[in-house]
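Chains C and R, in that order, are what the protein sequence lines are.
What the first sequence shows, in the working numbering, is residues 1 to 325, in sequence order.
What the second sequence shows, in the working numbering, is residues 1001 to 1306, in sequence order.
Hint data in this document are derived by calculation from the structure and do not stem from the laboratory.
You may find that some hints are simply not true.
One side of the interface only, derived from the structure: several residues of chain R facing chain C at Cβ under 8 Å [to be verified]:
no., residue
1, Thr1011
2, Tyr1014
3, Met1055
4, Arg1085
5, Ser1086
6, Met1094
7, Ser1102
8, Leu1103
9, Ser1104
10, Val1106
11, Val1116
12, Arg1122
13, Ser1124
The structure displayed is predicted, hence computed values, not measured ones.
Heads up, the beta-carbon is just placed ideally off N, CA and C, and yes, glycines get one too.
Take a look at the letters that make up each chain.
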Amino acid sequence: MGFILRRLGFYLVAFWASITLNFMLPRLMPGDPVTRMLSRSQQRLDPQQVESLQRLLGVEGGPWWQEYFAYIGRVFTGDFGVSISRFPTPVSEVIAAQLPWTLLLGAVSLFLAVVIGNLLGILAAWRRGGALDSVVPPLLVFIGSFPYFWLAMGSLYVFGVTLGISPLRHAFSVGLTPSWDLTFIFDVAAHLILPALSIVLVSIGGWMLGMRNTMISTNAEDYILMAEAKGLRPRRIMFNYAARNALLPSVTNIGMSLGFIVGGALLTEVVFAYPGVGYQLLAAVQGLDYPLMQGLFLTITAAVLLANFLVDLVYVRLDPRVRVG
Amino acid sequence: MRPVLDIESLTVEYVSDERSVRGADRVSLQIAPGEILGLAGESGCGKSTIAHSIMRLLKDPARITHGSIRFDGADVLAMAPDELRSWRWRQVAMVFQSAMNSLSPVMRIGDQLADVFTTHERMSKRAASSRAAELLELVGIPAARIHAYPHQLSGGQRQRVVIAMACALRPRLLILDEPTTALDVVVQQEILAQIRQLQAELGFAVLFITHDMSLMLELSDRIGVMYAGRIVELAPAAALRREPRHDYTQALMGAFPPITGPRVKLTGLGEGVRFTSIGDLAEVAPGHFVAPADTTEILFAKETQR
């Protein structure tokens, strides 16, 4: 319990630091972002909006600490201001619309890569030097060395354009309204396959190799020999004794990869015009949409911190040794 | 009486592309039911190789190239995988060298004990864990500790858990591969007393492997001394203590000090001496076997000349 509270404390401090950075960024930039935006939008903003922008970016004047506390208060009430590029939608609404798609794409591809990669790694290490161990890792590493957006473009060209068997863009077909019926779910799945596949293919080799190498050193441990001497079945030794111990570094890696999920596989989302956070972030940067950028940064940070906290919780369950000390 | 374990001319080779090394060389020995046979020798002489071959735990590149291992008449080397698996632990159990690493760090010790019962006796999880608790009591650890993880136990306790695990199915032979290495002297004594008590209760035979001659003399009925993969002397413990015949055994006995009696200058283990082409064991007294030692080569003289 003490361990969890200490981790929670750490994440709260980290979150506070990221809010503070987010507050400082616009002030550290040369010039005034509001004026720059005004000139870009050629006075299309009404005065009320300018004021809201200034308030949001903390450039409205007044002592900085007052603005700082006002900003923190707004962040905790979920008020990120109004998006400029998608005026007059509030930033929180824009993000709420994008985030689920990024989470879906990221979670599905990470889940597949982790599960398949680790399983392959376990099996390869168990039959070290066997067919699986000699053929698959080099192949996966070869595929993994392609840039992921290149694979994305390649598969989009082959399966989408040339063969015409997969959708070309977006997360679901135009004309469908999001709901939980089967037609819509299948449509979403069809749109998900290529983007997810391009990410899985690139990352799976790393998972497999990592698991294989840890597993090989685990297999040399005395408790594995002991388990074998006990007359346990090979399957039980492989999963309950060897893989269970070899899993720990992999779990740490999952924590780190979660950042990749929420930040969005930016280029994948761009290639497939997938309406996720990465795609939106690019649009926000191009449109100098500071409120949206700030909102996205903060969301990504919060999500990464939250995900890592969850991984910490899981790790405590998996490794009894971290519970002490 | 039929020996519980009968090893005949066992040869184990570690094979690599360039050369092969003999880990055990034409080793023959028998263990009678209920007997404690000690196997002594310095590191790398093949003690553990023999222990591992008995349970067929040798991994590549080690290979049994010659000889036979019979357990109670059954040919161990000819067993099919399934047969081997149910034979292991039920008939022969083993306590490994490193007490610290014999238990998986992420499993509760109760689960690791219960594993034996669920696998071999097809017990339900609940029944198996109550048997696990009884086993812990048997080696003097409170039953409530079945929920503990290995890192929460001391080194001595961990080794007790492993010994309890080894006794779980009341095997006929227990192999102890340096069970007290890495434990301090006090705990060593406790563990040995534990083993002696369990042996009196359960009546298993023991193959006791160590390089600690004093421990060995204390515990064993008979002792085999190994050198470079061969057994150079095999004799009852008392006979070996009284009059070791082989030069190497004498060196080994001279390597630890007597507590009483006149002061003796300690000699190093086979200092300047190397034994080559060791012959087969020959009986020199009833039950006392020695391999001919006339082919020792004295490197010592050459080195002093330099």
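Does Arg1085 (chain R) pass the interface check with chain C, least Cβ-Cβ distance below 8 Å? Hint on Arg1085 (chain R): holds, closest Cβ of chain C at ~5 Å, below 8 Å.
With chain C as the partner, please determine if Thr1011 (chain R) meets the hint condition of a C-beta pair closer than 8 Å. violated, 22 Å
Take the shortest C-beta to C-beta distance between Met1055 (chain R) and chain C; is it under 8 Å? At about 6 Å, which falls below the 8 Å cut-off, the nearest Cβ of chain C leaves the hint on Met1055 (chain R) intact, so it holds.
Would the hint on Ser1102 (chain R) stand, with a C-beta cut-off of 8 Å toward chain C? holds, 5 Å
Satisfaction of the Ser1086 (chain R) interface hint, Cβ to chain C closer than 8 Å: holds, 6 Å
Given hint Val1116 (chain R) near chain C, where the shortest CB pair must fall under 8 Å: holds, 6 Å
Verify the interface restraint on Ser1124 (chain R): the C-beta must sit less than 8 Å from at least one C-beta of chain C. violated, 16 Å
Does the closest beta carbon of chain C sit nearer than 8 Å to the beta carbon of Leu1103 (chain R)? holds, 6 Å
Should the hint that Tyr1014 (chain R) touches chain C count as held when the rule is a Cβ pair under 8 Å? violated, 16 Å
Does the closest beta carbon of chain C sit nearer than 8 Å to the beta carbon of Ser1104 (chain R)? holds, 4 Å
Let's test the interface hint: is any C-beta of chain C closer than 8 Å to that of Val1106 (chain R)? Status holds, d = 6 Å.
Interface restraint verdict for Met1094 (chain R) against chain C (beta-carbon cut-off 8 Å): Holds: closest Cβ of chain C sits about 5 Å from Met1094 (chain R), inside 8 Å.
When each numbered hint is compared with the structure, violations occur for hints 1, 2, 12 and 13.
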